[in-house]
Amino acid sequence: MRHTLPHAPQFYVTAPQPCPYLHGRAERKLFTALQGDNAAELNNALSRQGFRRSQNVLYRPSCESCVACMSARIRVADFRPSKTQRRITTRNAALRRLATSAWATEDQFELFRRYLDSRHADGGMADMDIFEFAAMIEETPVKTRVIEYRCSDDAMPALAQGDDHLAGVCLTDVLDDGLSLVYSFYDPLLRPASMGTYIILDHIEIARAAGLPYVYLGYWVPGSRKMDYKARFSALEIYKGGVWQDIGNPEDHSNEAHPLSVDPIVEQVARIALPQFDR
3 MRHTLPHAPQ
13 FYVTAPQPCP
23 YLHGRAERKL
33 FTALQGDNAA
43 ELNNALSRQG
53 FRRSQNVLYR
63 PSCESCVACM
73 SARIRVADFR
83 PSKTQRRITT
93 RNAALRRLAT
103 SAWATEDQFE
113 LFRRYLDSRH
123 ADGGMADMDI
133 FEFAAMIEET
143 PVKTRVIEYR
153 CSDDAMPALA
163 QGDDHLAGVC
173 LTDVLDDGLS
183 LVYSFYDPLL
193 RPASMGTYII
203 LDHIEIARAA
213 GLPYVYLGYW
223 VPGSRKMDYK
233 ARFSALEIYK
243 GGVWQDIGNP
253 EDHSNEAHPL
263 SVDPIVEQVA
273 RIALPQFDR
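The sequence shown begins at 3 in our numbering and counts up by one.
Incorrect hints may appear among the rest.
[As the list claims (entries may be wrong)] With a straight-line cut-off of 30 Å between C-alpha atoms, the simulated DSSO-like cross-links for lysine-lysine are:
hint, residue 1, residue 2
1, K228, K242
2, K85, K228
3, K145, K85
4, K85, K242
5, K145, K242
If you're looking for bench data, these hints aren't it; they were derived computationally from the structure.
Please model the complete structure; the sequences and the hints are all you need to start from.
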């Protein structure tokens with residue numbers, strides 16, 4: 003029997019799990035399926051309300067005792083690189099950018115494994131196999147690109163991997179108002195070159211050339227050392243209290259982990275603005 007999709011998305015809540023960002027806290031996610039003819043429109047609308055995409059799911063943190071995770075994006079027109087960021091761009095000038103379709107390769111998976119083993123060996127993705135990796139890359143109902151960064155040994159001798167070495171990868175969604183960095187990884191040998199920061203800087207230039215106003219970076223968490231680097235970008239906005247606002251002084255947001263800051267799930271869902279789908 004054929005079942006039609008409901009016109010209004012259905013929202014669900016995950017069971018609490020240990021928080022990967024703040025020690026001693028538990029995370030919980032509010033999520034909905036991303037599928038059907040209206041997937042792109044829903045992705046655009048919910049991305050503007052702090053949601054992120056993972057394969058065929060849109061999710062947003064909805065923890066019981068904390069609202070520290072805030073979606074972050076850069077205003078492309080107002081962004082000005084710092085002196086350090088300009089040096090990072092120069093340091094990585096030899097990299098060649100290649101935009102491809104959302105199709106996983108063995109080359110990408112080998113790089114992904116080296117990255118996880120070096121940087122996130124105890125993280126939630128540490129046990130991913132090649133099939134799960136392919137699903138992460140390929141299972142997308144929206145406009146998604148894989149941005150590869152390649153170089154030769156002559157350009158970056160530390161790599162010594164060949165004339166066309168895959169140095170970094172970013173899985174990127176193309177929204178109607180910007181680029182959303184879903185997940186990025188790079189050769190651990192390039193950590194001194196600040197490859198992660200360079201990928202963001204390069205996406206700012208891609209968005210600028212395409213006339214897109216924002217680059218979405220995922221979540222920023224005050225008090226998390228893993229997330230400190232995001233606050234170093236100028237023109238950074240955070241989604242807080244239902245609106246986008248300039249981050250200002252990052253230390254001003256340190257009390258967002260207070261449990262009394264959390265609204266009930268039913269109120270959170272009621273405030274989500276959904277696109278008007280054609281019936």
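Checked hints:
1. K228 with K242: It holds: about 20 Å lies between the C-alpha atoms, which stays within 30 Å.
2. K85 with K228: OK: K85 and K228 at ~22 Å, within 30 Å.
3. K145 with K85: Distance ~34 Å between K145 and K85 Cα, so the pair is violated.
4. K85 with K242: Within the cut-off at roughly 29 Å; holds.
5. K145 with K242: With a Cα-Cα distance of about 27 Å, the restraint between K145 and K242 holds, given a limit of 30 Å.
Hint violations for this structure: number 3 only, all remaining hints satisfied.
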